[in-house]
Amino acid sequence: MRCSPLLRLSVLLGLAVVARAEPVRITYWEKWSGFEAEAMRAVVDQFNASQDRIFVDFVSMSQIDRKLIVATAGGDPPDVAGIWFAQMSSFADRAALTPLDDFIHRDSGLKVDDWLAATYPPVYADMQAYRGHVYALISAPGTTALYWNKTVFREAGLDPEKPPRTLAELNEMSRVLTKRNSDTGVVERTGFLPQEPGWFGYSYPAWFGGGLINDASDITLAGRPENLAAANWERSYAELIGVDQLKVFASGFGSFASAQQAFFTGDVAMVFQGVWFDRFIAKYAPGLDYGVAAWPEATGRVPGPPIQAFTVADADLLVIPRGAKHAEEAWEFIRFATSANPTARSRDEVSGVELLCLGQQKPSPLRVWSPWFGENHPHPHIELFRQLAASPRAWHAPKIGVWTEYLREYNTAIQRIRLLQVEPAAALDYAQKRLADSWQRHRASVARQAAAAGETAGPDLGPAALSPGSGDLQPAASLEVRPDKEEGSP
Amino acid sequence: MNSADWKRLGSGLSFTGLWIIGFSVFTLYPVVASLYYSFCDYSVLQRPLWTGLENYRTLVADDVFWLSLRNTLYFAGAAVPLGTVVSLSLALLLNQDVKGRALFRTLFFLPSIVPLVASAMLWLWIFNGSGGLLNWVLGPVFALWGGTPPAWLGDPAWAKPALVLMSAWGAGHSMIIYLAGLQNVPRELYESAELDGAGSWAKFWHITLPVISPVIYFNVVMGIIGAMQVFTTAFVMTGGTDGNPARSTLFYALYLFSNAFYDLRMGYASAMAWILFMLIATLTWIATRVAARSVHYQD
Amino acid sequence: MPSATPTRRFSIYLLLFAGAVLFAFPLVWMVSTSLKSPEQSAAFPPTMLPRSHYVQVDGREAEVTLDRELTGRPGWWQVTIKDGTGTRLELPRAEVDTRVEPRWENYPEALARMGGGRVGFGTFLGNTLIVCVLGVFGAVLSNAIIAYGFARLKWRGRDAFFAVTLATMMVPMPVLMVPLYGVFRELGWIGTLLPLWVPAWFGSAFNIFLMRQFFRTIPEEMSEAARIDGAGEWTIFWRLILPLSTPVLAVAALFHFLFAWNDFLGPLLYLTRQETFTLAIALQNYQSQAGGVEWPLLMAASAVVVAPVIVIFFFAQKTFIQGVATTGSKG
Chain A
574 MRCSPLLRLS VLLGLAVVAR AEPVRITYWE KWSGFEAEAM RAVVDQFNAS QDRIFVDFVS
634 MSQIDRKLIV ATAGGDPPDV AGIWFAQMSS FADRAALTPL DDFIHRDSGL KVDDWLAATY
694 PPVYADMQAY RGHVYALISA PGTTALYWNK TVFREAGLDP EKPPRTLAEL NEMSRVLTKR
754 NSDTGVVERT GFLPQEPGWF GYSYPAWFGG GLINDASDIT LAGRPENLAA ANWERSYAEL
814 IGVDQLKVFA SGFGSFASAQ QAFFTGDVAM VFQGVWFDRF IAKYAPGLDY GVAAWPEATG
874 RVPGPPIQAF TVADADLLVI PRGAKHAEEA WEFIRFATSA NPTARSRDEV SGVELLCLGQ
934 QKPSPLRVWS PWFGENHPHP HIELFRQLAA SPRAWHAPKI GVWTEYLREY NTAIQRIRLL
994 QVEPAAALDY AQKRLADSWQ RHRASVARQA AAAGETAGPD LGPAALSPGS GDLQPAASLE
1054 VRPDKEEGSP
Chain B
687 MNSADWKRLG SGLSFTGLWI IGFSVFTLYP VVASLYYSFC DYSVLQRPLW TGLENYRTLV
747 ADDVFWLSLR NTLYFAGAAV PLGTVVSLSL ALLLNQDVKG RALFRTLFFL PSIVPLVASA
807 MLWLWIFNGS GGLLNWVLGP VFALWGGTPP AWLGDPAWAK PALVLMSAWG AGHSMIIYLA
867 GLQNVPRELY ESAELDGAGS WAKFWHITLP VISPVIYFNV VMGIIGAMQV FTTAFVMTGG
927 TDGNPARSTL FYALYLFSNA FYDLRMGYAS AMAWILFMLI ATLTWIATRV AARSVHYQD
Chain C
896 MPSATPTRRF SIYLLLFAGA VLFAFPLVWM VSTSLKSPEQ SAAFPPTMLP RSHYVQVDGR
956 EAEVTLDREL TGRPGWWQVT IKDGTGTRLE LPRAEVDTRV EPRWENYPEA LARMGGGRVG
1016 FGTFLGNTLI VCVLGVFGAV LSNAIIAYGF ARLKWRGRDA FFAVTLATMM VPMPVLMVPL
1076 YGVFRELGWI GTLLPLWVPA WFGSAFNIFL MRQFFRTIPE EMSEAARIDG AGEWTIFWRL
1136 ILPLSTPVLA VAALFHFLFA WNDFLGPLLY LTRQETFTLA IALQNYQSQA GGVEWPLLMA
1196 ASAVVVAPVI VIFFFAQKTF IQGVATTGSK G
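In order, the protein sequence lines correspond to chains A, B and C.
Whatever position you read off the first sequence (first residue = 1), add 573 for my numbering.
Whatever position you read off the second sequence (first residue = 1), add 686 for my numbering.
Whatever position you read off the third sequence (first residue = 1), add 895 for my numbering.
Simulated from the structure, these hints should not be mistaken for lab results.
On a predicted model such as this, the values are computed, not experimentally measured, just so you know.
Hints are not guaranteed to be accurate.
What the hints assert, rightly or not - Dumping the calculated SDA-like pairs for lysine to any residue here, alpha-carbon to alpha-carbon at most 25 Å:
| # | chain 1 | residue 1 | chain 2 | residue 2 |
| --- | --- | --- | --- | --- |
| 1 | C | Lys977 | A | Gly827 |
| 2 | A | Lys898 | C | Gly1086 |
| 3 | A | Lys723 | A | Arg762 |
| 4 | A | Lys898 | C | Arg1080 |
| 5 | B | Lys785 | B | Arg873 |
| 6 | A | Lys752 | A | Arg727 |
| 7 | A | Lys752 | B | Ala829 |
| 8 | A | Lys723 | A | Ser755 |
Unchecked claim - Which stretches of chain A does chain B cover? Using the computed rule of at least three CB atoms under 8 Å from a CB of chain B, they are:
| # | region |
| --- | --- |
| 9 | 607 to 620 |
| 10 | 643 to 654 |
| 11 | 819 to 825 |
| 12 | 877 to 890 |
| 13 | 989 to 996 |
Beta carbons: idealized from backbone N, C-alpha and C, even for Gly.
With the sequences and hints as input, model every part of the structure.
Structure, rendered in structure tokens:
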């Protein structure tokens, strides 16, 4: 761990003062439960054992998003909380998060953006920067890839070792893999369905080379030909299978976390999934003959190696809610839980974020992985996911305060397109109009709140990215639903 | 007011005193606060800022608001009558002189106390388009005409009817209230009606129905209030607050909830809540007007 | 109603049985799922009885999952040995030995896992009982007193206040949530069980409405007679009305018990530490477990949460329903 001399001194002084006092107890709310919570609990225990000034009380709870909002509004938030990347912009716009800039600068001696760039691959660095501040640090990240079922490929006469490398190949293979009952014509298998599981449907426009917002954070859903191409492509699958056939066929899919899930049964031969998927395969479809590859190239460019491929990045974040009683101690813990011992050569030496990501079978978000972590990671394809995170085409959901609404509007538009209820262009136009209105109201509200709070300089409502956008891709990122996050609630 | 009036007032207030406190602290204050919020730009996380009628103006122009209202009225308009018929029929059946009544009563009541998550999962399976129980039964029937049964929750046209059907499952709760009302019907009334040669239908129509009319009124009002706020089953079964497919099950409370807690527009959500409040109040008022003519209290 | 013809009796029983099958099904399904293996619980088409499948491998019996029938080889199935290795076999269905075998071990496992191993099931149960019992007492007592004021006394402003009371039932919960949270925070109740049962002692519109409806069916002449005998209103309430009202008190008690037992939103908002969780919230916490839900364990936990409610209802229903007929007019 990097420690400035000043910090060490203050720590020593602090130790002297509180030598006989009880440790400061801080509360940490986390949305994870089950093995993911246990992985973080190990980190908390490690932190608590590493010093005696701060004791972290780890509480794993469901419905954390709403509870956090209510508790923060009530002025009684936890000191540390785990949130989703999808919530960060909205929470930050609503002044619910404590900026970490001063802490970072004090501890590292670096400018915040320099520190981010030095510590993380670009996509993760960008995810943590919002409107010139850092409000959250990544605890556990993930990237996505194409999973294909080799057994089904073989049955359909395709080379099981050759996943599609371009969109055209994906479509062609999908056609070949689609199987209908010879008597009734009922669809029994498909190669690929944009909506199965469809968690990353919001990334298709960016995958096609378009984007959801521009550098000025304007909504750009309608009016970009790439976005329309993506919508037309979704529609083409509804036409290929047939709308009514699709309704019935898709309703036969088992739930995600079961052996009857469409990919496990071979009903759908190719899916886009995240780094967590291998663990589900091991649990629900042990022995499944499958492969993992980068997303096919959808922009018409020549496909390159995975390190240049498109991927969707997402992350769980640690934040200090505004009004937390022990922000200083909370930061100590966050710093511990998001950094690692870079020289760990045995399991016992693995610490912080690496310990967490080992337990959760995810890649470490850091640029530097310790020797032990890289060599002994339990995930069979961890290297691919690491490479994808470093790709210049690694993409994350837009950092925009109305993102949850954006996702909802987008998904509704695509559903209506798939049901052939409305033409793709009209559906996108409609969503664009609603979102643009809402975004305008959101900006006005944020400006109004800033003025009321007496801020001399209101928040900059321009580009969300701290650094200029990477290539023609929009900054952005996240999955609304993921099986290892909590599902719906009453 | 004379001294007797004052005395009666004092007596009335002493009995209702607990409620005056409870009402003020746990209802009136929050309601007034939310009314205030409905005129504010309020994210929950920051101070409410007065914006006058802006939330209401935005609502009127919001297509999805109107859609969610239509969906909700559709649901309430179908679920309340269906629930009333089912629960009253069950209560009438149980009110017969039958063996094992306690057991049947318990069985009918059970679904209304099974945790909603559990029953929602069951119904997801029953409604499943390809492997579900309902279409397993309906498939051969539809095949007679060469058709196939609908995909229910997967089909925008059939998702709401599916949820209405499912709501009848929880009829046990109001059935219990009807049953209590039915047992309150004086037996002498039936006996004297039988002496006059009245048949079953006449007895039901002229004795049972008038006597239990306060209970029907009660249940219908509670049914309307519940149906207008329908939330949990849709939330669990049709994709959180999205109202899948294609917003066909986006009910009022879901849209309100997503505004309040996902989009952090508590002021907007409060305005929606107040419109819902007014709407429910109007519907209840209509029910009360109807009741004033047809409900009989045994005073 | 007596004197039913045989045909009529038959059709009544037929309807009752049909209804019972329809209504009891979810519970039966819940119990049967709670005794299944995870694979069977997720299988399509679903089967009712818990089954296990075994094959002979190298002379030893091994449990397997039945994956699917092989395409192009009718009667042959792919199975996976349940030893974590994912070893797959293809063999005729006849070689798979299928037995009905309830997995009772799901129950202790579900209870043990519910608290994540740190907080016991007993703690959740204790918390729930505190909330339920204190709440039921408060709800029955306070609402009876309040409803008496609305049903049996005439005072200026009563009907207007009652109308307002009814109106409170229509206020959607999301609106109350945030301001209420502020109230409880001011009272210092956040993180304790107090917000879950104390409000019950201050009346609720639903129970006031319910009790008022029933109190009004008790003939006014009875009260008048007592008044002529010199009884005050509290005496009439305690000595006359309350004893006649045990059925509606039972209804209110049962409803409040059910509400408190299943209440989800309240605990969700006000409880912050696992040590204070009630069963409903512990169950939900369990349901939202990472890596997907294991339905048998969730159903086992649900069954444990539902069982007391069923038992209480089964035994309480006599007081609950029968007594109603004897109140009021006959007194």
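Outcome of the hint check:
| no. | hint | in the structure |
| --- | --- | --- |
| 1 | C:Lys977 <-> A:Gly827 | 20 Å, holds |
| 2 | A:Lys898 <-> C:Gly1086 | 16 Å, holds |
| 3 | A:Lys723 <-> A:Arg762 | 14 Å, holds |
| 4 | A:Lys898 <-> C:Arg1080 | 16 Å, holds |
| 5 | B:Lys785 <-> B:Arg873 | 19 Å, holds |
| 6 | A:Lys752 <-> A:Arg727 | 14 Å, holds |
| 7 | A:Lys752 <-> B:Ala829 | 23 Å, holds |
| 8 | A:Lys723 <-> A:Ser755 | 23 Å, holds |
| 9 | 607 to 620 | violated (count 0) |
| 10 | 643 to 654 | holds (count 3) |
| 11 | 819 to 825 | holds (count 6) |
| 12 | 877 to 890 | violated (count 0) |
| 13 | 989 to 996 | holds (count 3) |
Hints 9 and 12 from the list above are not met by this structure, while the remaining hints are.
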